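Produce the entire structure from the sequences given, and follow the hints as far as they go.
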Amino acid sequence: MNELKEFYAQMLLLRLFDQQCMDLKKKDLIYSGYHPYEGQEAVAVGFCAALQPDDVLLSTHRPHCHAVAKGCSLEAVLTEMMGRRTGCSGGLGGAMQFIAVENHFYCGSVVGSNLGLATGFGLAMKQRQSGQVCMCVFGDGASNHGTFHEAMNLAAIWKLPVVFVCENNQFAEAMPVKEFVACERISMRARGYGLEEITVDGNDVEESRRAANTAIELCRKGQGPVLIEAVTYRIRGHYVGDPEATYRNPAEVVEARKYEPLVRTKKKLLDGGCDPAELEAMQLAISDKLATLEQWAIQQEFPTLECAVDHVGIALANAPQVRGPLATSI
Amino acid sequence: MNELKEFYAQMLLLRLFDQQCMDLKKKDLIYSGYHPYEGQEAVAVGFCAALQPDDVLLSTHRPHCHAVAKGCSLEAVLTEMMGRRTGCSGGLGGAMQFIAVENHFYCGSVVGSNLGLATGFGLAMKQRQSGQVCMCVFGDGASNHGTFHEAMNLAAIWKLPVVFVCENNQFAEAMPVKEFVACERISMRARGYGLEEITVDGNDVEESRRAANTAIELCRKGQGPVLIEAVTYRIRGHYVGDPEATYRNPAEVVEARKYEPLVRTKKKLLDGGCDPAELEAMQLAISDKLATLEQWAIQQEFPTLECAVDHVGIALANAPQVRGPLATSI
Amino acid sequence: MPTVTFGEAIRQAYEEEMTRDKDVFLIGEDVGRWGSLYRSSRGLLEKFGTDQLKDTPISEAALAGCGVGAAAMGMRPIVEIMYIDFISIAMDQIVNHAAKWHQLSNGRVKLPIVFKTQGGAGRRNSSQHSQSLENWFVNIPGLITVMPSTPYDVKGLLKSAIRDDNPVMFIEHKSLYFDKGEVPAEEYLIPLGLADVKRSGEDLTIIATSWMVTFALKAAALLQQEGISCEVIDPRTLWPLDQQTLITSVQKTGLCMVVTEAPAEGGWSGEASAVVHEHCFGALKKPVRRHCGMRTGIPYGPSLEFDCIPSVNSIAAAARDLLGKPAAH
Amino acid sequence: MPTVTFGEAIRQAYEEEMTRDKDVFLIGEDVGRWGSLYRSSRGLLEKFGTDQLKDTPISEAALAGCGVGAAAMGMRPIVEIMYIDFISIAMDQIVNHAAKWHQLSNGRVKLPIVFKTQGGAGRRNSSQHSQSLENWFVNIPGLITVMPSTPYDVKGLLKSAIRDDNPVMFIEHKSLYFDKGEVPAEEYLIPLGLADVKRSGEDLTIIATSWMVTFALKAAALLQQEGISCEVIDPRTLWPLDQQTLITSVQKTGLCMVVTEAPAEGGWSGEASAVVHEHCFGALKKPVRRHCGMRTGIPYGPSLEFDCIPSVNSIAAAARDLLGKPAAH
Ligand SMILES: Cc1ncc(C[n+]2csc(CCOP(=O)(O)OP(=O)(O)O)c2C)c(N)n1
Ligand SMILES: Cc1ncc(C[n+]2csc(CCOP(=O)(O)OP(=O)(O)O)c2C)c(N)n1
Ligand SMILES: [Mg+2]
Ligand SMILES: [Mg+2]
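Protein chains in written order, with the working numbering: chain A, 1 to 330; chain B, 331 to 660; chain C, 661 to 989; chain D, 990 to 1318.
Please keep in mind that the hints were generated in silico from the structure rather than gathered at the bench.
From a predicted model like this one, the values you see are computed outputs, not experimental measurements.
Watch out, some of these pointers could steer you wrong.
[As the list claims (entries may be wrong)] Below, computed lysine-lysine pairings styled on DSS-like, alpha-carbon distance capped at 27 Å:
(1) 356(B) / 1169(D)
(2) 707(C) / 840(C)
(3) 489(B) / 707(C)
(4) 159(A) / 1036(D)
(5) 1011(D) / 159(A)
[Claimed, not checked] Computed spacing ranges between beta-carbons, pair by pair:
(6) 838(C) / 292(A): 48 to 58 Å
(7) 526(B) / 196(A): 18 to 28 Å
(8) 575(B) / 682(C): 55 to 65 Å
(9) 636(B) / 305(A): 44 to 54 Å
(10) 971(C) / 1271(D): 43 to 53 Å
(11) 552(B) / 682(C): 17 to 27 Å
Every residue, glycine too, gets a C-beta built ideally from N, C-alpha and C.
As structure tokens, then:
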């Protein structure tokens, strides 16, 4: 019950944070594509709860909640999305691609690429017997990408400590999983790599947490990799203002809202005797914190051109510099 | 029995043709990498027997026997491998990559690419309701390539008339399938695309033929695609003179020779009462034919530089020519 | 003449060509239901159905391969890769197959396929969604590479690309889709391989590509007020390159600047510079100047990316410098 | 000094670096058991085991991605792509990830990775196995591109590439593996980014890359007999380019020819030509000449491919022409 309340608090934070970001996007303070996470919070919280701080998480173009759940500070994530120097990537990456090295968090905006990258993290961990695991989260859409297949096979033949989590939110942009993934459940692909078929209710934070735990334990024992399909639902459009009417019926979303993780967890908490006032207070506290955060964030500086050019490459010994006149044609 | 004898004759032709090619390679009359087909003849013959002339076959870097089984003339295939103008591709392609348009035969030397290409052939057939099918043959090694996954999924969601044949000859160069493919049987990957798991004995020409027939019928009825794993064994090295000792025990090859398709089919024919003399005569006739072929082939001309440059592109209207001075920096 | 956006001009080209020829089809991620990312195929699914508008899974390699296979069968696919950055996933199909099969079949297989994508910066999409990779294709025998800069050009060139029997790389710019321009109501084609003199001038030839053409034209207008007359040339097709139009211009002006968004090193600007220099050696008063994007990943943020690529002001400044005129103040 | 083949020099570089640093590993198809296609890693599996010699499935995209991930963790992978033609399958990992992560992490992630492959013609491998695609990488900020031409260079440069903290594209030539040359017994490094004057001369500067260096040197020897003195420069690193060595030479000779196996259009020859022209405008007596591969897929056959790329004779002929000397007979 205490753990569930803790999960609820984290999911609520992600929900409110996500809504704040949507709002910032509308105000044009987030600049690139922004992909809302609403409804999928149990995946981020449940799966990340099972990770140690030095485990690696590779995320996607929809990364902000994964990042926070992995332990990146709200400050660093929010200001990265707002392009400020205090962001994880110094404001050079943005809302779809950033790296928080200290938190062992990486994400990127090319769908499917992170699966291949994950095998390298896993390989290094295995070879160094570091005891770490690498978790790689990707979408239902990414599961149709060639890298999914190559990475699963590579990780499997080498028994790498990688937990592949397919966050099936039912859509890849406007493409419903039912029409674009040829098998009934994405987890059915596991057998093609000699792995077990595992599907979890990705709206159930405790089930997600348990599955993640088991998977991570297997990986730490050298019995990885593991592929888990976490079934959830993307409540918002692919991005704020996408032409939703072209691909789904609004009634579907209304229905989905009944089963989304916050609604479900709250009910469970209340049924278990939790005081509604406590949950309301929790919400207020988070809202306050986020409001303060935004005030602070808005005052942070943007990176300069020097910041960008500084890190294109590392200067070579005895050679024309990578940085400097050669780096700048203008 | 008559059919089996016919199959035997065809497989024998492929066997002797392949040996002739190996010989030509040693004589440096085949110029690029040459990949022997010995031991896999039942796949080429069994699967191609089920195709109509206007069905399309997409093959690999080990294509010469597939090509002949698909109906390309021995003359065109052999002289292509020998780089002569009478070759399928006018001698511009060579032993690993050529196109015989009239025979609806295509092959190429990039492993795995043909799976993606196959979806396009299948799409055109389906959209035009032409009743054709596209057969795509690829290796066990290719089954680890991302294009395998993407193509299978695409073909499956669109129900394309494509028969994917995985010719599992146990090795990809020096990589044994057991170590590099993470699942027990490659056909187990079918479920990941909502397809049935089908494995056939690729050394059994009749079984191969039956499986192909069923698959093609399904495709013609709009119930494709189909994935079939045909299990066989690569008796020779990946190429003539590869360092075989680094990846397999010679005893394994000795054992495999007992189950190779010619040995098996011959036994079956003899057991069925076929006259050994008839089979010997068959062999002599083929040998004669091939000897004559070689005599002829050796006299054929090589393409000129013009032939190559002529077909880099098609001239544009009202514009600098694609062919001509611009095409030739030298 | 009606005024339409760049995106609408593309839509019109699709509509006309799909009506004319049922073998023409568009295949890519969300080209149907969504009508493409920048809506350049909106409404076409309703009109042409799923045979001609094919939404695909996120499988760039397979869908490029699918296009090549269909083209070999005589269809006329337009394969859309949503961002040029992702064409990195489909290079095998384009370079090893589409570009090779005509020759490999000894001239018997035609590959009437258009690979259509969009590149460049200006929409704050960060380094994995803003690259200028066009020169990769220019170096591949068997490929034609087109980069239009106006609504008029994109329509006429796209129609020609669809009708051409060669594989064509058709590279749009994400910052151009909402630009407006005149597009005739009557049908027209623009031949591939012809450059266009976007502005005539006497003092300096500016060769610019894609979005940079619009910057160069604004810079030219600015410079005109200072008495500097620039000729702005848009090659439109990077290969085959209409060398003659470039040469004629530089022979007149004696000065040349190449403006691209891609970094100079290894980019198409080197090609253009070399061509001009090879053919106008006597006429050139100074070396050809390359004024190009910085050698950096395009950074995120509200405006930083604009500091990494040529701007109207930087083009004007470079032009003044080339002409030995004092900087404006 | 011991004389060894190009392939053996590579093997020595591997051996020394793998001994020095256990984080160095080679990953690719048949790099272990077979010791690589051209045997440049033969015998190393026995010595270093599967931790440092990793045979992989045919999954170019994943193995390039695997290298990037491992490098981000501080390992020093050498990812071998068997033929440069197949690098078309791994471009996303190289261009969108390896080249971007240092910047994307605001300088905190280092990517000490070498992508090693081989390209070019000369071994009768036909159009899907013989391409020269090096210029793709030169245009990508964040990548270093190396193309060695001698056993000495390949060893010294490969060792530097392995030790460098940037992603390095290391492109060998399939026709060089059996070339022999002197390689010191003692350890040495050659810095990345330094050109080498392979032959000094007075009349003409020839800038040649990779296999073409050996052709240019032979042509220079031939021309010497006719009283023509050529300086032959091997840039070795295409980016960052050692401009100064090129400039110094052309300022002396006043004539320059760039020889590459890749077709001219869109290739690195345009970059070299532009750089020389930009910096030696006053010194150049004639335009920089590009003498490059034909714009064609490399055809099959015993010898046809040699007609499509520069040869010793064609280089000599182009040089005579540039110098206004009569053709040899
Ligand atoms: C290789 C690639 N292709 C296409 C895109 C464009 N794109 C961005 S997000 C997206 C949908 C991804 O769907 P999914 O993997 O299910 O993740 P979700 O968005 O649902 O989280 C697409 C197609 C991309 N970023 N990368
Ligand atoms: C994309 C790609 N990677 C690597 C190679 C080199 N190569 C040629 S054949 C081969 C093995 C292919 O194995 P498999 O698919 O099982 O076919 P088989 O050779 O057994 O017929 C490899 C790795 C290639 N041609 N293409
Ligand atoms: Mg999704
Ligand atoms: Mg095999």
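Any hints this thing doesn't respect? Which numbers, in order?
-> 6, 10
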